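Engineer: Residues per chain, in single letters:
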Amino acid sequence: MARVAITQRQENIKPYSEQELILQCQAGKVAAFKEVYNLHSTLLYSIAIRLLGKKEDAEDALQNTFSKLFKNIGQFRFQSKFSSYLVRILINGCYDIIEKRKYDFEPLENFELGQANQTDLKLSLEKAIACLPLKMRECFILFAVEGFKQSEIAEVLEISEGTVKAHIFQARLKLREFLQE
Amino acid sequence: MNDPIFDKAKQLQPIVPDDALWSKIEDDLIRESQQKRKNIFQMALAHKSWLSVAAVLIISFSYLAIYFNSAVNLDAKLLSTRAILKVELTEKNYMEAIALLEKRAENQLGQIDNELMFLYRDKLAMIDTQINQCREAISKNPGNAHIRKYMLAALQDKKHTLTEIINLEIRGDS
Chain A
1 MARVAITQRQ
11 ENIKPYSEQE
21 LILQCQAGKV
31 AAFKEVYNLH
41 STLLYSIAIR
51 LLGKKEDAED
61 ALQNTFSKLF
71 KNIGQFRFQS
81 KFSSYLVRIL
91 INGCYDIIEK
101 RKYDFEPLEN
111 FELGQANQTD
121 LKLSLEKAIA
131 CLPLKMRECF
141 ILFAVEGFKQ
151 SEIAEVLEIS
161 EGTVKAHIFQ
171 ARLKLREFLQ
181 E
Chain B
1 MNDPIFDKAK
11 QLQPIVPDDA
21 LWSKIEDDLI
31 RESQQKRKNI
41 FQMALAHKSW
51 LSVAAVLIIS
61 FSYLAIYFNS
71 AVNLDAKLLS
81 TRAILKVELT
91 EKNYMEAIAL
101 LEKRAENQLG
111 QIDNELMFLY
121 RDKLAMIDTQ
131 INQCREAISK
141 NPGNAHIRKY
151 MLAALQDKKH
161 TLTEIINLEI
171 RGDS
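For the record, the sequence lines run as chains A and B. Under this note's numbering, the first sequence has 61 at position 61, and the numbering climbs by one with no breaks. Under this note's numbering, the second sequence has 101 at position 101, and the numbering climbs by one with no breaks.
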């Protein structure tokens with residue numbers, strides 16, 4: 001997550017604190033939403049594509065996230081981290097897409113990552129992650145790839161921290177199996 | 001958690017969306033924004049009809065309230081003017097009657113007992129003082145009912161006293 005913030009901030013550094021930015025968004029300023037997009041789009045898109053496996057679906061998920069954010073930003077009360085709030089909207093959007101399209105995840109055929117830049121082991125890991133069951137995949141991606149704390153994941157996914165730990169543990173075992181094969 | 005899987009997972013590259021994606025999102029947001037404004041405008045329009053009805057009702061009630069209030073005030077004003085005219089007419093009648101009685105009583109006062117004459121003169125002088133005080137107060141406040149009442153009482157008293165003097169004389173003659 002920190003990595004995202006650093007890469008994204010390089011081009012668009014503005015004298016806004018996150019709170020000021022959110023207030024601008026609450027005032028309905030589209031420019032402020034662009035700044036939010038610049039700061040968080042890579043994180044959100046990375047999660048979406050790893051969850052959904054298709055570029056179009058990930059783009060739809062991101063588009064829906066910003067549409068919902070625009071409608072509901074007024075309800076944000078600064079009680080949780082803004083990035084967690086965004087990820088929660090995104091993941092709910094991903095559930096909607098999975099529900100609507102009723103597709104079985106086909107990661108091996110449709111995985112559209114930047115394969116060219118990845119080593120074989122990383123690529124294998126990407127594919128293995130894509131084979132995990134949905135909840136396990138969510139927890140592993142947020143924890144191991146994006147660096148969220150287990151408590152944050154519990155908040156985002158609205159499950160207990162114990163369940164998050166169990167999912168991560170199970171994911172690790174399954175991934176080890178996949179990679180050994 | 002020291003596990004090579006976690007180490008490798010941390011090294012997975014972030015995936016950047018296409019540059020064109022923001023344009024699509026921006027279009028969406030602008031559309032949403034316009035829709036929001038439209039909704040607000042429609043809501044305002046919907047409420048506008050209610051606001052107009054409320055405004056008409058308020059104006060109507062205010063107008064009626066002012067109308068009735070002014071009508072009551074006008075009636076009160078008319079009544080007081082009429083009452084004053086009536087009182088003034090009564091006072092005028094009393095004054096004319098008293099003037100006639102005074103002439104007759106004055107002729108007779110010289111012929112009655114001195115002591116009685118002084119008593120009556122004192123009483124008349126007292127009543128005159130009372131009448132003059134009332135007249136002065138009425139000139140400052142013509143609508144004051146209490147002063148009018150004192151004035152009429154004083155005039156009545158003078159008329160009664162003068163009649164009494166005249167009657168005494170008549171009784172003395174007989």
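Keep in mind that the hints were calculated from the coordinates and are not lab data. Any given hint could be a false lead.
Said to hold, decoys possible - Quick partial rundown of chain B residues pointing at chain A, CB under 8 Å, derived from the structure:
#: 1; residue: I5
#: 2; residue: A9
#: 3; residue: K10
#: 4; residue: I15
#: 5; residue: V16
#: 6; residue: L21
#: 7; residue: W22
#: 8; residue: I25
#: 9; residue: R104
#: 10; residue: E106
#: 11; residue: E136
#: 12; residue: I138
#: 13; residue: A145
To be verified - Simulated pairs of lysine-lysine, DSS-like, Cα-Cα distance not exceeding 27 Å:
#: 14; chain 1: B; residue 1: K92; chain 2: B; residue 2: K48
#: 15; chain 1: B; residue 1: K92; chain 2: A; residue 2: K55
#: 16; chain 1: B; residue 1: K92; chain 2: A; residue 2: K34
#: 17; chain 1: B; residue 1: K10; chain 2: A; residue 2: K165
#: 18; chain 1: B; residue 1: K123; chain 2: A; residue 2: K55
Stated by the list, open to error - Residues on chain A that point at chain B, a partial pick, calculated with CB under 7 Å:
#: 19; residue: T42
#: 20; residue: Y45
#: 21; residue: Q63
#: 22; residue: K68
#: 23; residue: A144
#: 24; residue: V145
#: 25; residue: F169
#: 26; residue: Q170
#: 27; residue: R172
Bear in mind the structure is a predicted one, so any value in this text is a computation, not a measurement. Think of the CB as a built atom: it goes at the ideal place given N, C-alpha and C, for glycine as much as any other residue.
Engineer: Please go over all the hints and tell whether each is borne out by the structure.
Structural biologist: Status of the hints after comparison with the structure:
1. Contact between I5 (chain B) and chain A, as hinted, is supported at the beta carbon level, the nearest pair being about 5 Å apart and thus within 8 Å.
2. A cut of 8 Å between beta carbons decides the hint on A9 (chain B): the least distance to chain A is about 4 Å, and the hint holds.
3. Because the beta carbon of K10 (chain B) sits about 7 Å from the nearest beta carbon in chain A, less than 8 Å, this interface hint is met.
4. Hint status for I15 (chain B): holds, given a least beta-carbon distance of 5 Å to chain A, under 8 Å.
5. For the restraint placing V16 (chain B) at the interface with chain A, the shortest Cβ-Cβ distance is roughly 5 Å, inside the 8 Å limit, so the hint holds.
6. At about 6 Å, the closest approach between the beta carbon of L21 (chain B) and any beta carbon in chain A falls short of 8 Å, and the interface hint on this residue holds.
7. With 8 Å as the threshold, the beta carbon of W22 (chain B) comes within range of chain A, its nearest partner Cβ sitting at about 6 Å, so the hint holds.
8. The interface hint given for I25 (chain B) is met, as the beta carbon of that residue sits about 5 Å from the closest beta carbon of chain A, less than 8 Å.
9. About 99 Å separates the beta-carbon of R104 (chain B) from the nearest beta-carbon of chain A, more than 8 Å, and the hint is not met.
10. At about 99 Å, the closest approach between the beta carbon of E106 (chain B) and any beta carbon in chain A exceeds 8 Å, and the interface hint on this residue is violated.
11. At about 75 Å, the closest approach between the beta carbon of E136 (chain B) and any beta carbon in chain A exceeds 8 Å, and the interface hint on this residue is violated.
12. Contact between I138 (chain B) and chain A, as hinted, is not supported at the beta carbon level, the nearest pair being about 72 Å apart and thus beyond 8 Å.
13. A hinted interface residue such as A145 (chain B) counts as satisfied when its beta carbon comes closer than 8 Å to some beta carbon of chain A; here the least separation is about 68 Å, so the hint is violated.
14. The hinted pair formed by K92 (chain B) and K48 (chain B) fails the criterion: a straight-line CA distance of about 64 Å is larger than 27 Å.
15. Of the supplied pair hints, the one linking K92 (chain B) and K55 (chain A) is violated, its CA atoms being roughly 111 Å apart against a limit of 27 Å.
16. A C-alpha spacing of about 95 Å is found between K92 (chain B) and K34 (chain A), which places the hinted pair above 27 Å, so the restraint is violated.
17. At most 27 Å may separate the alpha-carbon atoms for a hinted pair to count; K10 (chain B) and K165 (chain A) meet this at roughly 17 Å.
18. For the suggested pair K123 (chain B) and K55 (chain A), the alpha carbons sit about 121 Å apart, so the restraint of at most 27 Å is broken.
19. Given hint, T42 (chain A) at the interface with chain B, holds; its Cβ is 5 Å from that chain's nearest Cβ, closer than 7 Å.
20. For Y45 (chain A), the interface hint holds, the least distance from its beta-carbon to any beta-carbon of chain B being 4 Å, beneath 7 Å.
21. Interface restraint check for Q63 (chain A): the shortest CB-CB distance to chain B comes to about 5 Å, inside 7 Å, so the restraint holds.
22. Below 7 Å, beta-carbon pairs count as interface contacts, and K68 (chain A) has none with chain B, the closest being about 10 Å; its hint is therefore violated.
23. A cut of 7 Å between beta carbons decides the hint on A144 (chain A): the least distance to chain B is about 4 Å, and the hint holds.
24. At its closest, the beta carbon of V145 (chain A) sits 5 Å from a beta carbon of chain B; the interface hint therefore holds under the 7 Å criterion.
25. Annotation: interface hint on F169 (chain A) violated; nearest CB of chain B at approximately 9 Å, more than 7 Å.
26. Hint on Q170 (chain A) is violated. Least Cβ distance to chain B is approximately 13 Å, over the 7 Å limit.
27. Of the supplied interface hints, the one on R172 (chain A) holds, with its beta-carbon coming within about 6 Å of a beta-carbon of chain B, less than 7 Å.
The structure fails to meet hints 9, 10, 11, 12, 13, 14, 15, 16, 18, 22, 25, 26 from the earlier list, while all remaining hints are met.
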